[in-house]
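2 protein chains.
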Amino acid sequence: MSSAAVSPFSQAQPPPPTPSPLSFSVTSSQPPFLTANLFLRFLTLVLSAATLLSLAATSPTNSTLKKHSTTFWDYSQLVYCFTANILVFVYTLFQLFKGICDIAHRGIFISDKASDYISFILDQLAGYLLVSASSVAVQAIQQMHNGIPLRKAAIVSLCTSFASFVVVAASALLSGYRFCKRIIW
Amino acid sequence: MSSAAVSPFSQAQPPPPTPSPLSFSVTSSQPPFLTANLFLRFLTLVLSAATLLSLAATSPTNSTLKKHSTTFWDYSQLVYCFTANILVFVYTLFQLFKGICDIAHRGIFISDKASDYISFILDQLAGYLLVSASSVAVQAIQQMHNGIPLRKAAIVSLCTSFASFVVVAASALLSGYRFCKRIIW
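Chains as they are written, first to last, in numbering that gives the first Met the number 0: chain A, 0 to 184; chain B, 0 to 184.
If you're looking for bench data, these hints aren't it; they were derived computationally from the structure.
Take these hints with a grain of salt, some might be off.
Any copy, or any two copies together, can satisfy a pair, since identical chains are not distinguished.
Below, simulated SDA-like cross-link-like pairs (lysine to any residue); rule was C-alpha separation at most 25 Å, straight line [to be verified]:
1) Lys112 to Phe161
2) Lys112 to Ala169
3) Lys151 to Ala169
4) Lys151 to Leu37
5) Lys180 to Ala35
6) Lys112 to Leu172
7) Lys180 to Ala168
Isolated chain A (complex conformation) (with noise of 0.2 Å):
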């Protein structure tokens, strides 16, 4: 009698929730998460020091060719790129540092719940900031002659700079999800 008194209290309990197959846990703990986050951040950091060793590598040191040559500096577009790419750089060096010691188990840096704010917000303005340095990048590349080897280095660094602005388009997508999970739950 007790068993059928239970037996009907526990039909009546809702079934667990069956998570989606594209979900996952996002803790700190979490490998994969851990690892294809870490792997973006360093393809940023490549990235973008390639953009910033290709337009500083064209501008010579000496003081008489100076004079002579067109340094990336006398284009306000490539200069708002190499900014944008030095911000990017160091924001991605943090970024990395901190998936490192997350890793390492040392969370010496800042909370869980205030990192997942803070790239939440920061990989998105990076992505803006990259896309709209690379649309404007492409003007000065369309001003300059053919001949010069600034252009030749303005195309590289146009490319690696977009190709970086896809990669911290996906850490965005990562750092999103993470926050979702967060202010969902």
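Put chain B on the given structure of chain A with help from the hints.
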């Protein structure tokens, strides 16, 4: 005795998950979400229409005038801005129409699932497109002389285009949240 048999069982049940104060259910029938979404779409529509009108209104229809004055067709950057805003305008019109159909409880268009996926991807793209177009339009304004009427129109269109980007970015956050809820559950 039977109540005592039931009582420990009910205590063994896990408590229902307490939702975060920030979370709210995002089914199609939720008025706050739908209203916010519709309001943002409507604002985007108005802003992109203002961008298009301010650019198009400066193009003289008289063929004699056409030869002596500059139109936005002379600036590739403004043509890009115009095209981007046309795309966003058409997309927003579609979203607005779908939103009104949802409120009228007639899911005639596409399923909610497909709509969430499409909105998420296209909102992201629209945001990036608008920020790119706005950045490029700045260049066109810098190239123009102070006197010509097109300059004022271009400045107005730049402001409305940038405002439109901010609103689309907010829409993208909402649709991203909706998309996340769908893939998490």
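Next on the checklist: Under the constraints set out in the numbered hints, which ones does this structure not fulfil?
Outcome noted: 1, 3 and 4
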